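Enquirer: For reference, the chains in residue letters:
2 protein chains.
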Amino acid sequence: MALVNEHFLKLQKNYLFADIAKKVNAFKATHPEANVISLGIGDVTQPLAPAVIQAMHKAVDDMATKEHFHGYGPEQGYLWLREAIVKNDYLARGIHLAPSEVFVNDGAKSDTGNIGELVRWDNSMAVSDPIYPVYIDSNVMNGRAGVFENGKWSNVTYLPCNESNQFIPQIPDHRVDMIYLCYPNNPTGTVISKDELRKWVNYAIKNDSIIFYDAAYEAYIRDSEIPHSIYEIRGAKKVAIEFHSFSKTAGFTGVRCGYTVIPKELTAATMDGKRVELAPFWDRRQCTKFNGTSYISQRAAEAIYTPEGKEQIKQTIAYYMENARIMREGLTELRLTVYGGENAPYLWVKTPENTPSWKFFEQMLYGAQVVCTPGVGFGLAGEGFIRLTSFGDRNDCIEAMRRIKEWLKA
Amino acid sequence: MALVNEHFLKLQKNYLFADIAKKVNAFKATHPEANVISLGIGDVTQPLAPAVIQAMHKAVDDMATKEHFHGYGPEQGYLWLREAIVKNDYLARGIHLAPSEVFVNDGAKSDTGNIGELVRWDNSMAVSDPIYPVYIDSNVMNGRAGVFENGKWSNVTYLPCNESNQFIPQIPDHRVDMIYLCYPNNPTGTVISKDELRKWVNYAIKNDSIIFYDAAYEAYIRDSEIPHSIYEIRGAKKVAIEFHSFSKTAGFTGVRCGYTVIPKELTAATMDGKRVELAPFWDRRQCTKFNGTSYISQRAAEAIYTPEGKEQIKQTIAYYMENARIMREGLTELRLTVYGGENAPYLWVKTPENTPSWKFFEQMLYGAQVVCTPGVGFGLAGEGFIRLTSFGDRNDCIEAMRRIKEWLKA
Chain A
1 MALVNEHFLK LQKNYLFADI AKKVNAFKAT HPEANVISLG IGDVTQPLAP
51 AVIQAMHKAV DDMATKEHFH GYGPEQGYLW LREAIVKNDY LARGIHLAPS
101 EVFVNDGAKS DTGNIGELVR WDNSMAVSDP IYPVYIDSNV MNGRAGVFEN
151 GKWSNVTYLP CNESNQFIPQ IPDHRVDMIY LCYPNNPTGT VISKDELRKW
201 VNYAIKNDSI IFYDAAYEAY IRDSEIPHSI YEIRGAKKVA IEFHSFSKTA
251 GFTGVRCGYT VIPKELTAAT MDGKRVELAP FWDRRQCTKF NGTSYISQRA
301 AEAIYTPEGK EQIKQTIAYY MENARIMREG LTELRLTVYG GENAPYLWVK
351 TPENTPSWKF FEQMLYGAQV VCTPGVGFGL AGEGFIRLTS FGDRNDCIEA
401 MRRIKEWLKA
Chain B
1001 MALVNEHFLK LQKNYLFADI AKKVNAFKAT HPEANVISLG IGDVTQPLAP
1051 AVIQAMHKAV DDMATKEHFH GYGPEQGYLW LREAIVKNDY LARGIHLAPS
1101 EVFVNDGAKS DTGNIGELVR WDNSMAVSDP IYPVYIDSNV MNGRAGVFEN
1151 GKWSNVTYLP CNESNQFIPQ IPDHRVDMIY LCYPNNPTGT VISKDELRKW
1201 VNYAIKNDSI IFYDAAYEAY IRDSEIPHSI YEIRGAKKVA IEFHSFSKTA
1251 GFTGVRCGYT VIPKELTAAT MDGKRVELAP FWDRRQCTKF NGTSYISQRA
1301 AEAIYTPEGK EQIKQTIAYY MENARIMREG LTELRLTVYG GENAPYLWVK
1351 TPENTPSWKF FEQMLYGAQV VCTPGVGFGL AGEGFIRLTS FGDRNDCIEA
1401 MRRIKEWLKA
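Protein chains in written order, with the working numbering: chain A, 1 to 410; chain B, 1001 to 1410.
These aren't lab readings, by the way, just hints derived from the structure by calculation.
Remember, predicted model here, so these are calculated numbers, not experimental data.
Incorrect hints may have been included.
[Claimed, not checked] Lysine to any residue pairs mimicking SDA-like chemistry, simulated, CA-CA at most 25 Å apart:
#1 Lys-1405/B x Pro-1032/B
#2 Lys-10/A x Asp-1208/B
#3 Lys-1066/B x Leu-408/A
#4 Lys-1013/B x Ser-100/A
#5 Lys-350/A x Leu-408/A
All chains should be built: construct the whole structure from the sequences, respecting the hints.
Expert: In C-alpha cells, the structure reads:
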C-alpha cells in the first residue's frame, strides 16, 4: 500500500494568525461599533509603482500579439532580469556575480522552503529564535528537524535572539551543517553589522557549513554601515546562499517574484569527501520542478531597476519607514522598549512588566482596538514581546498611536 | 561538514533538446540559406485570448490603486478561481468537487514535481514508457527511483506503450504504490478510453495505490467518449490526484497557472496501518513552501471560464488541431504510420523501415529542413518514432508538409 510521508504528521499546527483572527472576530462580535486597526499584518498595502504598472501593461500587450508573445521562459529567469539584478543589487555594492548565479523565482518562500532538497536529510541545522516558521517546517517535512519535544525540535539548534545579545545569535559551541539567518530580521526588525556577520561566515568556512541568508528586507536598511548582502563579507560566496524577494522591496506580494543567489564557489561534500558545486544541483532542481516565473511578473521586476522605478519604490519604502518612525517615537514616548523599525519594517516591542505576549495582545485589542502579533508566536524566545509592522496606512498608524497612548495613560 | 543530497549525482543528463539544438545549429552553419521549420517544440505560439488580455489589464489596474490592490492571496488560490474550475471543468461533467479540493498553482510542472513529498521515499512506482521526464527525475532526486542500470531505474516499473498495446500500458503483474499516467499522452498523442482507465482505477483500489493523473492536454479531446478527467471513473476520488494546466488549454506557458485536485476521499497509510488524508498534507506543504500564484495570472485564468473566454480558447485549440489534421493527413498520404493528433496536439510518427529516431531526425532535417523530436528521447520504448507538435504556425505547417512530401518522394 502507498505509505504517507509520516514526517508531515509531526508538524505542529501553526495557529498563530488563525488564533489572532479568532480573537479579533470575537472582539468585533461583542463590539460591533469598534473600528479595529491592524498593525499585525505582514503584507504591504500601498499600490505598485507607476513604472511597474506601465511595464506590466506593456507585457500584457506583448502577449496579445504573435510577434511579441512569450511562452515558456528560461526556468532560471530571463537574462535581462538576471543582468539587472547583478548590476543593481550586487555590482553597485562591489559584489561581482554572474547572471548564471542568480535564479529568479516566484517569491522567496518557495526557494527558502525547497532549498533543503540539495543537501542530505540528516544534516544538522541551526535557526535563530524567534523565527519565520518556514525555515523549520520545511525541514520537519523531510525529517531533518527530528522529533518535537518540550517545545523544540530534537535535531535543531536554537539560537536565542534577545535583549542580552542585542538580537544577534551567539556562534554555537558545536558544529552545525546548515544555518538559517534573516537580516534585517523578521520578526525582530533588528539588523546585523558586518563584524557580526563576518563571525558567521568565518564559522561556516571553518566548519564547512552552509548559511541560508534571507535578505528579503534589505531594501529597508538606512544605515550605510549595515550590509545588504552577505556577499559583502569576504569568503561568503563559498558558504552562503542568499534569498531576495521583491515582495517587500516593491510591494510584489501579489505579483510573485524574487530571486536566489547560489555562487559558483559554493560547494558541499559527498560521503566520500568529494566537493560538489550546489548551483548546478539547484539549476537541475528548478528545471525539473519549476517552469519559470510569469513573464509579466518578470517584466514588472525589471521595471523597478529603471531610474523611475528605483525612485518610485524608494518613495513607498520611505512611506512605510515614516510609519515605523511614528510608531517608534510614539511607543518610546510611552516608555515602552522598542527594537527594530530603523532599518526594517518591523518593530519588536517589549511588553510592560513582562506581560506575556498573548495577554498584552488582548489588552491592547480591548483597550485600544489595535491588533499586534504576539512575539511568542515566532518561538519561545519571543515571549514578552509583540511585533508591529509598518506596512499599514499612515492615518491608521497615527490613529493607532493616539489610541495606544490614551489607553496606556488610563 | 554539510553533505550534499547524493541522489542528484545519479540524475542522467538530459540532453534531448540541447542535442536537437546542437544538430540544428550545425545544419544552419553549413546551410546558411536554409529556412528551417520546427515542428519539435512543445510550446504554444498563438497570442492569448482577448478576454484574457482584457482581464490581465484590469488586474494590473487593480494593483495601481489602494482600494483594489491585492497583496498575498490564499496559498491555495483565490476562491473565485477555484469555484470557476469546480463549476466548469467538473460539475459540467457530472463530477462533484468542493473548491477546497482544488489547489491553484503556477503550472503543472511544479506540482507533478513536488507531489512526491507527500508519500514515503521508498514507495514503489510505475511510469509509462515513453514518458515526460519530470515524473522520473523528481523521484530520482528524493531517492525513490533507485539506481540507474542498463538504461532503467532499479525501483521503477516501466510500462511500455507501443503499437502492440495501442499505447495503453498493461496493468502490472505485481503491485506498485504510485502510478504516473498522462492522457491525452505526451509524447504519443494517444488517449485512453473509460474502460481502460477503469482498469487502472480498479487496480489502484485493489492494491491501495495512488494514481498521479496528468490531464494537461484534456482540452484537445474531440471524441465525446474519451474521459477528460479520471474522476469520470467511479471510485477514482479514493485513489487519484489529477493535474491540470492552463498552459496548453489557453496558451499560458508564459503566464504560469494550473491546478491540482486532491479529493477529500484520497488517503494513504501510515506504517501502523492508519489511514491519512493527503489533501491536508498538500495544503500544509503549499502553505509552507508556496505563496500562491500571481493575482494577475489568476485573473487571467478566471477569464477563460467566461462565455467569451471559452469561445476564444476553443478557436485557438481548433487552430492547433487543424494543424494536427493537416500533418496527419499529409503524413498518412505518404504512407507513414501516424498515431495521435486527433484528441491531442502531438503526433507520434513511426519512422519508415525501422529507422532509428535520431537517424530519421537527421534525415528529415537535411532532406526537408524540418525539425522533429526523436521519440527515443522520451524513453527506450520511443525508439523508431518521432514526435511532431501542432503548436506551430499554419503556414509553417503547410510548408513543412510540402517539403516532407517532396523529400520522401525523391
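Enquirer: Look at each hint and say if it fits the structure.
Expert: Now the hints, each set against the structure:
1. Restraint check: the Cα-Cα separation between Lys-1405/B and Pro-1032/B comes to about 23 Å, which is no more than 25 Å; the hinted pair holds.
2. For the hint pairing Lys-10/A with Asp-1208/B, the CA-to-CA distance comes to about 23 Å; that is within 25 Å, so the pair holds.
3. With a C-alpha separation of about 31 Å, the suggested pairing of Lys-1066/B with Leu-408/A is violated against the 25 Å cut-off.
4. A hinted pair counts as satisfied when its Cα atoms are at most 25 Å apart, and Lys-1013/B with Ser-100/A qualifies at roughly 19 Å.
5. A distance of roughly 14 Å separates the Cα atoms of Lys-350/A and Leu-408/A; the hinted pair therefore holds under the 25 Å criterion.
Hint 3 alone, counting from the list given before, is not met by this structure.
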